[in-house]
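*Asks:* So the chains spell out like this:
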Amino acid sequence: GEDVEQSLFLSVREGDSSVINCTYTDSSSTYLYWYKQEPGAGLQLLTYIFSNMDMKQDQRLTVLLNKKDKHLSLRIADTQTGDSAIYFCAENGGATNKLIFGTGTLLAVQP
Amino acid sequence: DVKVTQSSRYLVKRTGEKVFLECVQDMDHENMFWYRQDPGLGLRLIYFSYDVKMKEKGDIPEGYSVSREKKERFSLILESASTNQTSMYLCASSTPGTDLYEQYFGPGTRLTVT
Numbered sequence: 001g002e003d004v005e006q007s008l009f010l011s012v013r014e015g016d017s018s019v020i021n022c023t024y025t026d027s028s029s030t031y032l033y034w035y036k037q038e039p040g041a042g043l044q045l046l047t048y049i050f051s052n053m054d055m056k057q058d059q060r061l062t063v064l065l066n067k068k069d070k071h072l073s074l075r076i077a078d079t080q081t082g083d084s085a086i087y088f089c090a091e092n093g094g095a096t097n098k099l100i101f102g103t104g105t106l107l108a109v110q111p
Numbered sequence: 001d002v003k004v005t006q007s008s009r010y011l012v013k014r015t016g017e018k019v020f021l022e023c024v025q026d027m028d029h030e031n032m033f034w035y036r037q038d039p040g041l042g043l044r045l046i047y048f049s050y051d052v053k054m055k056e057k058g059d060i061p062e063g064y065s066v067s068r069e070k071k072e073r074f075s076l077i078l079e080s081a082s083t084n085q086t087s088m089y090l091c092a093s094s095t096p097g098t099d100l101y102e103q104y105f106g107p108g109t110r111l112t113v114t
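Here the protein sequences line up with chains A and B, keeping their order. Here the numbering used here is used: the first residue of the first sequence is 1, the next is one more, and so on. Here the numbering used here is used: the first residue of the second sequence is 1, the next is one more, and so on.
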């Protein structure tokens, strides 16, 4: 079945880089996503990568995709306290309207 | 700007009560979803709807039902609330008009069943 796994918690110091990892199972996914959930709020799409790409850079964010290992990562450069949130990776399981979300990684940024 | 609103931010109900959670979106989206969010379990899909009066079960539909009488509104119903339904409930919407399938989320309803 479909399953998306993430580590539950990551703590970094302000100014360091953060790397959040995710493994997924459905190789037919056309897009893979990173959503961000700030305290007390719903999820918002942070960035995404098309499945035929290896890397996508968007300002401080770098997404790496290893399709062979079904591994997705999100790197946040120069992490700020405002980056403290829960980060969810998600896949769309082969062009369906449904998304399958991971367990979420709580990123805590220490000043 | 897409807006998804949920009727309550916090709700406290007693075991056995019938509970209605309402969700409204203002972007004319065809797809609407209900999830529950629990620590360590991530988001789990309860029900979704591709159109008015249409519904499909997600991964954990037991103990829940839904209603979609109008395109903009999707209701989640707990027929007889139980303590194991204490959770954060998130509503989302999307349109099939793009390949991206981006979902837009409401702020969530934290439900406590005592």
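A hint or two may mislead.
Claimed, not checked - DSS-like, lysine-lysine: derived pairs with alpha carbons at most 30 Å apart: (1) B:K3 to A:K36; (2) B:K53 to A:K98; (3) B:K53 to B:K18; (4) A:K70 to B:K71; (5) A:K98 to B:K18; (6) A:K56 to A:K68; (7) B:K18 to A:K67; (8) B:K70 to A:K98; (9) A:K68 to B:K18; (10) A:K36 to A:K56.
FYI, nobody ran anything at the bench for these hints, they're computed from the structure.
*Asks:* For this structure, which hints from the list above don't hold up?
*Replies:* Of the numbered hints, 4, 7, 9 do not hold.
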